[in-house]
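Okay, here's what each chain looks like letter by letter:
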Amino acid sequence: DQQVKQNSPSLSVQEGRISILNCDYTNSMFDYFLWYKKYPAEGPTFLISISSIKDKNEDGRFTVFLNKSAKHLSLHIVPSQPGDSAVYFCAASASVSAAGNKLTFGGGTRVLVKP
Amino acid sequence: KAGVTQTPRYLIKTRGQQVTLSCSPISGHRSVSWYQQTPGQGLQFLFEYFSETQRNKGNFPGRFSGRQFSNSRSEMNVSTLELGDSALYLCASSPPGGLKTQYFGPGTRLLVL
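The listed protein sequences derive, respectively, from chains A and B.
Counting in our numbering, the first sequence runs from 1 upward without gaps.
Counting in our numbering, the second sequence runs from 1 upward without gaps.
Some hints could be false.
One side of the interface only, derived from the structure: several residues of chain A facing chain B at Cβ under 7 Å [said to hold, decoys possible]:
#1 Tyr39
#2 Asn57
#3 Asp59
#4 Phe62
#5 Lys102
#6 Leu103
#7 Gly107
Anything over 12 Å on all C-beta distances counts as not near chain B; from chain A, calculated [unchecked claim]:
#8 Leu11
#9 Glu15
#10 Thr26
#11 Gly60
#12 Val78
#13 Lys114
To be clear, the hints were calculated from the coordinates, so they are not data collected in a lab.
We put the CB at the ideal spot given by N, CA and C, even for glycine.
Model the full assembly from the supplied sequences, consistent with the hints where possible.
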């Protein structure tokens, strides 16, 4: 049972344009969502998060949008840079439950930014 | 602040052996979680420790175990290694407080032959 899904395994975008990554979840208990960037054989690097009481959070070039009714979130990267080429993971946690600190990850989206 | 550190970074073992991996969290972080990443299963939660107690556990067999010390450092142990245990093992720590972002270490790459 995949509770967090990233339906696009890969995304190719031109440098300077917008990258939009999508993530869907099924567990209504999830109330905290995070995006991580990962290079091969390295640990995930935290990018940005959003709590379920918000619908948007922005940090520099990164913006995360949350649509609770659709159980959908997205990450926008503007403008995209070649250094953004990596695998991006969406993750969710149910902070008020007994599983509070457990992160459930999506399968990842590989982003390639072309110069 | 120093980040999460994990040792060793790479490890080669043979089937049937056991292995111990170590994780030092970010200073002040008391929660340590462990994850396994494989090509087939993605990133999966193994367990979480807080104040030397296991607080959460994922769906892994009892061969996977862990512990946490009073200084918040954590170890995970895998006994009777199987070929399918070959993976990147990631440790993450999170600060005290409400909504908790987890910060990951570089991982330990385990290869079981």
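To see whether the hints hold, each was checked on the structure:
no. : hint   : result
1   : Tyr39  : violated, 10 Å
2   : Asn57  : violated, 12 Å
3   : Asp59  : violated, 12 Å
4   : Phe62  : violated, 14 Å
5   : Lys102 : holds, 5 Å
6   : Leu103 : holds, 6 Å
7   : Gly107 : holds, 5 Å
8   : Leu11  : holds, 17 Å
9   : Glu15  : holds, 27 Å
10  : Thr26  : holds, 16 Å
11  : Gly60  : holds, 16 Å
12  : Val78  : holds, 22 Å
13  : Lys114 : holds, 25 Å
Violated hints for the displayed structure, listed by number in ascending order: 1, 2, 3, 4.
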